[in-house]
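If you read the protein sequences in the order shown, they are chains A and B.
Position 70 of the first sequence, counting from 1, maps to 70 under the working numbering, and the rest follow consecutively.
Position 238 of the second sequence, counting from 1, maps to 238 under the working numbering, and the rest follow consecutively.
Treat the hints as calculated values from the structure; they're not laboratory data.
The beta-carbon is built from N, C-alpha and C at its ideal position, and this holds for glycine as well.
Do not take every clue at face value.
[As the list claims (entries may be wrong)] Simulated DEER-style distance windows between Cβ atoms:
no.: 1; chain 1: B; residue 1: E24; chain 2: A; residue 2: V183; range: 33 to 39 Å
no.: 2; chain 1: A; residue 1: D27; chain 2: B; residue 2: S286; range: 31 to 37 Å
no.: 3; chain 1: A; residue 1: P63; chain 2: B; residue 2: R326; range: 40 to 46 Å
no.: 4; chain 1: B; residue 1: R216; chain 2: A; residue 2: S303; range: 45 to 51 Å
no.: 5; chain 1: A; residue 1: G90; chain 2: B; residue 2: R41; range: 36 to 42 Å
So you can see what is in the structure, the chains are spelled out below.
Protein chains: 2
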Amino acid sequence: MRVYNFAPGPATLPLAVLEQAQAELLDWQGSGTSVMEVSHRGSAFMQVAEAAEADLRALLAIPEHYRVLFMQGGATGQFAAVPLNLTAPGESADYLNTGLWSGKALAEARRYVSVNVVADGKESNYMSVPPIAAWRRGAAARYFHYTANETISGVEIFEVPNLPGAELVADVSSTILSRPIPVDRYAVLYAGAQKNLGPAGLTLVIIRSDLLGRARDVTPSVLNYTLMAESGSMLNTPPTFAWYLTGLVLRWLKGEGGLSVMAERNARKAQALYDCIDRSGFYRNSVARECRSRMNVTFRLPSEALEKQFLAAAEAAGLANLAGHRLVGGLRASLYNALPEAGVAALIDFMRDFAHRHG
Amino acid sequence: MRVYNFAPGPATLPLAVLEQAQAELLDWQGSGTSVMEVSHRGSAFMQVAEAAEADLRALLAIPEHYRVLFMQGGATGQFAAVPLNLTAPGESADYLNTGLWSGKALAEARRYVSVNVVADGKESNYMSVPPIAAWRRGAAARYFHYTANETISGVEIFEVPNLPGAELVADVSSTILSRPIPVDRYAVLYAGAQKNLGPAGLTLVIIRSDLLGRARDVTPSVLNYTLMAESGSMLNTPPTFAWYLTGLVLRWLKGEGGLSVMAERNARKAQALYDCIDRSGFYRNSVARECRSRMNVTFRLPSEALEKQFLAAAEAAGLANLAGHRLVGGLRASLYNALPEAGVAALIDFMRDFAHRHG
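In isolation and in its complexed conformation, chain A is listed as follows:
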């Protein structure tokens, strides 16, 4: 029996994708082997790799002058790769600090560049994004980095920041493919796969081509965008199964109608859950309205004892992995693309009932 899985990542995958992967796990395309057991350079896998890129390009309307890279190391690897590939020693970069993930990104960047924190959400305990009017950009910053969604607090930035002259770099690990985005407004977009793309172990990078060729000499080859672009992301053996499964997810997304459909669906899911919270007089979400995440809905109950009870009862009711991040506690429902609307409806029913019994 499958449950509704609200895990923040590694996250739930589309059932149809898992079913296909299961069906062909021992014998892929009549090859008599698993897709995991063949060369990444063979024609069969090359077709998987190329189809995944083509589908991603179609879904996100990626312009021709952008390259798509399939890498390893997660977003944490990109925290280093971005400054290593975009700056020279002694240069500086702007970072917006909206919570744990942007904090980690800028801490890693400090190994390589002078980091200018344009604004820091700590005054609001990272429950809101500092207003753009208050951002203090560095005069010589080579790029501007922000985290599109903070999965722990549940804080999302919906608009592309309007910063004339800035080379925008964004960690979109938890929002990619959840709605259309104007790729051409960015210098670099990157994402770990394990939320909206596929299983953990694959990292996606979308980079404007003219930014290639600048990697520092000390950049490990596996994090070098230029070498990865030149080799079609096959500088060394890529994580083939994760790439294949991501390809199945992309194909599924196209079948569902693409990112406009996903955006509507995700907006409905989040709205329904926030409405349930706001109207309950029992649950509370502390994030500023305008930046409430559509991907990670955080909420608290009147006491930690009730939160424990809630978690156990939800688990028993087939509503899995609702615990908040270990650093902040509380509850969190992650509503990525593969989490169906029926799952949100079931959660809301459960929450109303629980509040009724304990409120």
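Once you have looked at the hints, place chain B on chain A.
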């Protein structure tokens, strides 16, 4: 229908492992989710991670003062990680060049250290390993690096080099778990998973604990051994499915009887195939006898036209992925742990028949 898959990596996996993965792909341990869909920090996955390490330690008899790290980026990532973690700027390291992979390792190392090539097999066209008496070690080398098996030429180093005072570092991507090795003779061992461990996307590092704490400031965190050790290889989201599947392979190896049994089986497999080649008067292998690889058996036919014919006929007979590396051509049969003795017997039968018809 499963075929006998002689792919050099990503390589064949044990059938029993794939069958278990398939059976529980939608519902793992009664969780109602796939193992791919749960948190790496949850207790269920932590048990997978810990069991994998415990089984690896038991199989390789890894001493307590060694740490085991599960990383990303492949052996190519380690080509940078080794000098970044073991040396300071301006220091030097010894490298033995026995072919393409050791050549790549030393080229990447040159970004970080002064590389002293102790010996180079190019005089023999990398068909033999230069004798140890001819190796010229650097006086101040911080470590000595070699590649235990060159998968392209099929050249293996069976003995641990006896180099008093040297900190031995070895790329064991294609030999790990194929036989027992004395881990305590090494400073660092590393391996990409996709030959004898599991699917591509996981990288194993075994390091003597006293070598931790030396990473350079410019080391990306995802390649920093110290940070990886401190976090139990969960500095960031690891490739959970690859880790899980590697765990199943390790459990399978224990069930098969461990590495002594594997060593005997692998010796028999390679011996039978080399005997077939040597006695044929048709096939030829050009590697010096004492370093013929047990993992990758390379051979040529009298003409390239016959090689093409051989490949197509073998494929049709259910003997898959026997093409040599694109840089060198010819044929190559990779005989990792998961390739059964029956597969080698079937290949030998086919080769005898083919030679009889075309010789």
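Each hint tested on the structure:
1. B:E24 x A:V183: 33 to 39 Å: holds, 38 Å
2. A:D27 x B:S286: 31 to 37 Å: The hinted range 31 to 37 Å holds for A:D27 and B:S286, with Cβ atoms some 35 Å apart.
3. A:P63 x B:R326: 40 to 46 Å: Between A:P63 and B:R326, where Cβ atoms are some 32 Å apart, the hint is violated.
4. B:R216 x A:S303: 45 to 51 Å: Distance hint for B:R216, A:S303 holds at roughly 48 Å.
5. A:G90 x B:R41: 36 to 42 Å: holds, 38 Å
Comparing the model with each earlier hint shows a violation of hint 3 alone; every other hint is respected.
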